[in-house]
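Engineer: From first to last, the protein sequence lines stand for chains A and B.
For the first sequence, my numbering gives the first residue as 3, with consecutive numbering after it.
For the second sequence, my numbering gives the first residue as 863, with consecutive numbering after it.
A hint or two may mislead.
To be verified - Here chain B is said to cover these stretches of chain A; the calculated rule only asks that three of the stretch's residues, wherever they fall, bring their Cβ under 8 angstroms from a Cβ of chain B:
id : region
1  : 35-41
2  : 94-103
3  : 137-151
4  : 180-194
Said to hold, decoys possible - If we take Cβ atoms under 7 angstroms as the criterion, some of the chain B residues that face chain A in the derived model are:
id : residue
5  : HIS868
6  : ILE917
7  : LEU1712
8  : HIS1715
It is worth saying that the hints were derived from the structure and are not from the lab.
C-beta atoms are modelled at their ideal positions from N, C-alpha and C, and glycine is treated no differently.
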Amino acid sequence: MEDPGPSETRPELTLALRDLGAGRSEAVEVLLPAVVSELRATAQGILGARGASHTLQPTALVNEVFLKLFGTDALAAVNDRAHFFALAARAMRQVLVDHARARRAAKRGGGAALERTLGDALGVGTPGTDDLLDVDEALAQLALLDERQARLVELRFFAGLEMAEAAAALGVSLSTAEREWRAARAWLGRRMQGRGQE
Amino acid sequence: MSAARHRRVTELFLGACERAGAARDVWLAQECGADAALRREVEELLAVDADGVPILEGPALVAAAAPPEGGPALDLAPLAERRYEVRGELARGGMGAILRVNDPALRRELAMKVSLSQLGEARGAGSSGSAGLARFVAEAQITAQLDHPGIVPVHELGLDPEGRVYFTMKLVQGRELGEVLRHAHAGAQGWTRVRALGILRRVCEAMAYAHDKGVVHRDLKPSNVMVGEYGEVYVMDWGVARAGGAGALAPVTTSRDVGAGDESALHTRQGAIVGSPHAMPPEQARGEPVGPPADVYAVGAMLYRLLAGRRPYEEQGESATASVVLARILRGPPRPLRQLAPEAPAELVAIAERAMAAEPAGRYTSMRALADDLGAYLEGRVVRAHRTGAVAELQKWVARNRLAAAALGATVLAIVAGLAWSRRIEATSRHELDLGADYYRARVVSESAAEPWPATPAQVPVFEDWLRRAEALLARRAEHAGRLRRLEARPSADPSEVERQRALLGYLDALEGGADGTGGVLAAVRARRDFALTIEERSRSGPEVAARWREACAAIAGHPAYAGLALAPQLGLVPLGADPSSGLWEFAHLESGEPARRGADGRLVLQPETGLVLVLLPGGVFAMGSTPRAGQPNHDPHSTQNEWPVHDVTLAPFFLAKHEMTQAQWERCVGRNPSKWRPGADPGLTPLNPVEQVSFHDCERALALLGLVLPTEARWEYACRAASDTPFACPSEDLGLFANLADQSYRNGFTGAFDVDAFTDGFAYHAPVGSLEPNEFGLHDMHGNVMEWTLDCYGSYLNARRPGDGLSLGPQGPDAEWWSPDYRVGRGGPFDFPARYARSSHRVNISPGLINHGLGVRPAREIEAEAGG
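Input sequences plus hints: build the corresponding full structure.
Structural biologist: What follows is the structure in structure tokens.
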């Protein structure tokens, strides 16, 4: 089979990825910008196509981006999936939050009429960009109280991992992940309702 | 707030989640003491938990891609002023009521769906009402976007003077599809199978349209389809439908999220599984994201009901509760249609089975494809009718032209040629239809080969019947290859017909296997038939083995541990004598491999080709569970609440495998080795290492092939304890001799290990079975190596158990304890977890579909009461 060619993958990134696998977490600083910019380019199509039906899951998106950046060989060398997923989740979170911010700015700046929809009147609108920013904000607070819970939410919500995958990435049992997820979800929900500021 | 306090709040919240009602209040009051703020915080978390956090239910990518507004702008004031005259109530559910109303302006009757909760309530309390209202509004908005003759049109959405939200829609007069299916099955009230199939096809067409619009129904069932007086079909109740994306979001709430032991919640909570879940696909029952394949499954379930005369997962005349049905869905496929409706056309059975495939990927790729297959079946009949017509036309032509022919002096010739031609057309098209039907036959044959038939003498006729059908199909192989060539060469050929023909040849290839006839399904089934023919002689009636059984039965009857057990010779087992240390009798299981041999010291020598060894365990009363209270029986400092209380369980005698099932044994049975750590992955790994990466369903299927079962949790803990009442069945300081766990040698293989124990067992991965010391019953690796699936659903020990094998029966009656039918229990800890996860009493709840490199299986077998089986 034809090799994708050296121009496709970047050796400095591959090295950083290997460092990450070896537990040198500062490698994230090298990797993150590249992953984020690539993810953003790929995600643009999906997020831009408003209302279009799409089946691409975040995990698939992330995998696609990583393959593009590092090639299959480099990925096989990462024996520690936990670091890989943590990196992916952080990148995904950054891309989506940036996207939501841009959208909110456009909505306000564009001076769109503030139509009262029935959904607005009921206070039950579709989860939209603002909710995403709320999650991001609340999650930043949670990270100070319980880093593991915050990482779990990043993996599940932003990287779209299944519970079992997230549990494996965190090195905890499935039941622990289920329980921590439930607790984190309730905590975030409460915080987003404007309570729990004590 | 400090991290320590957050941890405390988390623990209290999770503890409260495991309790309900007054027990929860009492416990919280006790735990929080005078700290009112703490208590309030936990209560608020519980309220949020009960309501759900919608945005967190699906991945962020989906939320980010959703349109920012809920729907079109609406002016509320004029809507509130509108008046309808209420004529009666048609139905009422947890969410709202459906009224029959009159619209005086247009002089027509309409159906009006009204939400029971009021706008003010939803705003005020921030309670579950707001999510319910959102769903209600979403239903109206989604339905309104669907403009199709098969979907009931919505007219308007508004607020009534009391502040309740309503929407109006066409009033459909007719009957529910369930009634139609019942009549059609019975051939009553003018309903026939063909007529009902026409209705199902129209359901498919409506759903195909909705799917094209990106809307998934997610609650499609016969009670949500109305059949009008003139045969019109309406798909209704889009209350849990999901728009904008191919169903990338999970249901808002599934049984997993429902409060512990709260059966009624299953029916009433917002987003909950409403009504009967018979038509629910397994992925939805597991609470996974669902998409269009879920609706495909639901139509398959309707077809199933039409053919079988009962709903899937329901016994004749039974009315099972939702949680029982859910548990059955999670256990495996419904009773095969071939069994329930042997007279049903094979084509329809095949269509239903494909639509209801357990894995979404196994179903029709689209609703359209399902509609096409139903159409092909229906048109097959139409084509036949046309053919008769063509023959009639031809004979008319001959008759008409007889005069002309006579005038030409060739009357006789014309008639003879004409009639011969017509007969040929008839014969050709009948044969052509028959060849086309072979696709369905081949599918049924191929798929039924994967069914778990135990290879016993009683099954020989089943094997022979299957072989006959498969051989008949293979005899037409050359003809089918020719048909494919013809179809491919014809530009006007129906693409789906070509596709089916290709698939058919694929099935035939798989049946036949390699050029020498090996490796094919046919050869495998022949081998199983031959095994079934000889098993009686090899395990019971042969003179040498009969003598061994006589000796074994006599020894067991006189053995103090077995308390006078009168064991009959067991089909498929051969006695291997008693274990020199435990004194318990052991048996070779012939179908899983060659009988094990004992070495000079009386211990078993295992080879890759060795079959399972089953130990006859005497059963009796044992104390199950553990307690953290020192000085009590089964004291265990790591005991957690799901292991409480310690309670007595009585078990009848049974067989349990001495070792975890090996990779070689699994591969012989299933045809492949799914394990991650298999020979070649690392030098220390052998075919005798335990099989892993097998799901609960994989295990049930494989064991059924071998006439074996999964042990119940009670059987497993009894066997693991082997009469001990300590956390492990060996002294803790000797764990390295008895159990392969995450220890120092594990760390040599896995640098990223999160925490490891101080001892050394010598293995980085799982070890070949039997490498470490056995317990007092002679069983190896009960602690560690791989975690083992058990049969039970995960639930409280306060639920009742089945007499005999101790299976947890789940909530019985009003005093139900917590119970999670969507989890099974794993026992005995994997090699990559520290020792406390492998304690005798430790329980892990696991989704039955989970595949993990630390999760394997140890089979059990029931004792057959009498010889003869």
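Engineer: Hints first: check each against the structure and report whether it holds.
Structural biologist: Here's how the hints hold up against the structure:
1. Closer than 8 angstroms: that is the beta-carbon criterion, and the region 35-41 of chain A has 0 residues meeting it against chain B, so the requirement of 3 is violated.
2. Taking a C-beta to C-beta cut-off of 8 angstroms, the region 94-103 of chain A contributes 5 residues in contact with chain B, enough for the three needed, and the coverage statement holds.
3. Evaluation of the coverage hint for the region 137-151 of chain A: fulfilled, as 5 residues show C-beta separations to chain B shorter than 8 angstroms, against a requirement of three.
4. Counting residues of the region 180-194 of chain A whose C-beta sits closer than 8 angstroms to any C-beta of chain B gives 12, which meets the bar of three, so the coverage hint holds.
5. Given hint, HIS868 (chain B) at the interface with chain A, holds; its Cβ is 4 angstroms from that chain's nearest Cβ, closer than 7 angstroms.
6. Taken as an interface hint, ILE917 (chain B) checks out: its beta carbon lies about 4 angstroms from the nearest beta carbon of chain A, inside 7 angstroms.
7. Proximity of LEU1712 (chain B) to chain A holds as hinted, the smallest CB-CB distance being about 6 angstroms (cut-off 7 angstroms).
8. Hint status for HIS1715 (chain B): violated, given a least beta-carbon distance of 10 angstroms to chain A, over 7 angstroms.
In summary, the numbered hints that this structure violates are 1, 8.
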